[in-house]
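Asks: Turn these sequences into a full structure, and let the hints steer you where they fit.
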Amino acid sequence: MKTITKPSRTGWSVADIVIASVIAVVSGVIFWAWNFSYVGIQFLWAGFPPASGLVLGMWLFPAVLGALIIRKPGAALYCEIVAAVVEMLMGSHWGMTVLLSGLVQGLGAEAAFAAFRYRRFGLPAALLGGFGAALFAAVNALFIVNWYPAYTLPMKFAYMGFAVVSGLVIAGFLSWAVTRALARTGALSSLASRKAAQEPVRG
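Residue numbers for the sequence shown follow the working numbering, so the first one is 1 and each next one is one higher.
If you're looking for bench data, these hints aren't it; they were derived computationally from the structure. Keep in mind that this is a model prediction, so the values were computed, not measured. Treat the hints with caution; some may be incorrect.
[Unchecked claim] Estimated spans, in silico, between C-beta atoms of each pair:
| hint | residue 1 | residue 2 | range |
| --- | --- | --- | --- |
| 1 | Q198 | F48 | 41 to 51 Å |
| 2 | P154 | P200 | 35 to 45 Å |
| 3 | F48 | L103 | 22 to 32 Å |
| 4 | K195 | P49 | 35 to 45 Å |
| 5 | R202 | P149 | 40 to 50 Å |
| 6 | V26 | T97 | 14 to 24 Å |
Ideal placement from N, C-alpha and C gives every residue a C-beta, glycine not left out.
Replies: Set out below in structure tokens:
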């Protein structure tokens, strides 16, 4: 009697691993390039430094994008950590602390998708993923690695607020929009997200 084995909903395929790795490596290069841009635009928030949180989402998007495209447990964490490794190897002025950041940010997004039991990948899940990554990232920056020791408590809360907005818009909404756009091109045909463009906004 022939036994038919159904593909695992949680197990990773070769295509999942390859695409997740591509997302992570490209994101790491973007991180590296963005670091230079970040230094060059710091004058924009010179009047109120916590407003720098508004661009934090640029370091968070791989986690949400990876989760939305791969749709398997661990995708957010994998993409964010590998992106951080690539950034570090290319040369980051934050040094090895980017590895901790990648871990924490990935966990924040991962927790959000786990809350949906990896079954919902619409806009609400994407926004929650961006929120989780941003919240974890802000706590890490303010209280663990303490990048901003001069901030008063109100300034720290302001930074967290700005970071969450950035996480929702850049990491959450834009990652969701990019996933749908890629699905329309057929680029995700071998993945669980291949019909993302046809799914309802709420997932």
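Asks: A separate judgement is required for each hint: does it hold in the structure or not?
Replies: Evaluated hints:
no. : hint                    : in the structure
1   : Q198 / F48: 41 to 51 Å  : holds, 43 Å
2   : P154 / P200: 35 to 45 Å : holds, 40 Å
3   : F48 / L103: 22 to 32 Å  : holds, 29 Å
4   : K195 / P49: 35 to 45 Å  : holds, 44 Å
5   : R202 / P149: 40 to 50 Å : holds, 42 Å
6   : V26 / T97: 14 to 24 Å   : holds, 22 Å
Consistency note: the structure conflicts with none of the earlier hints.
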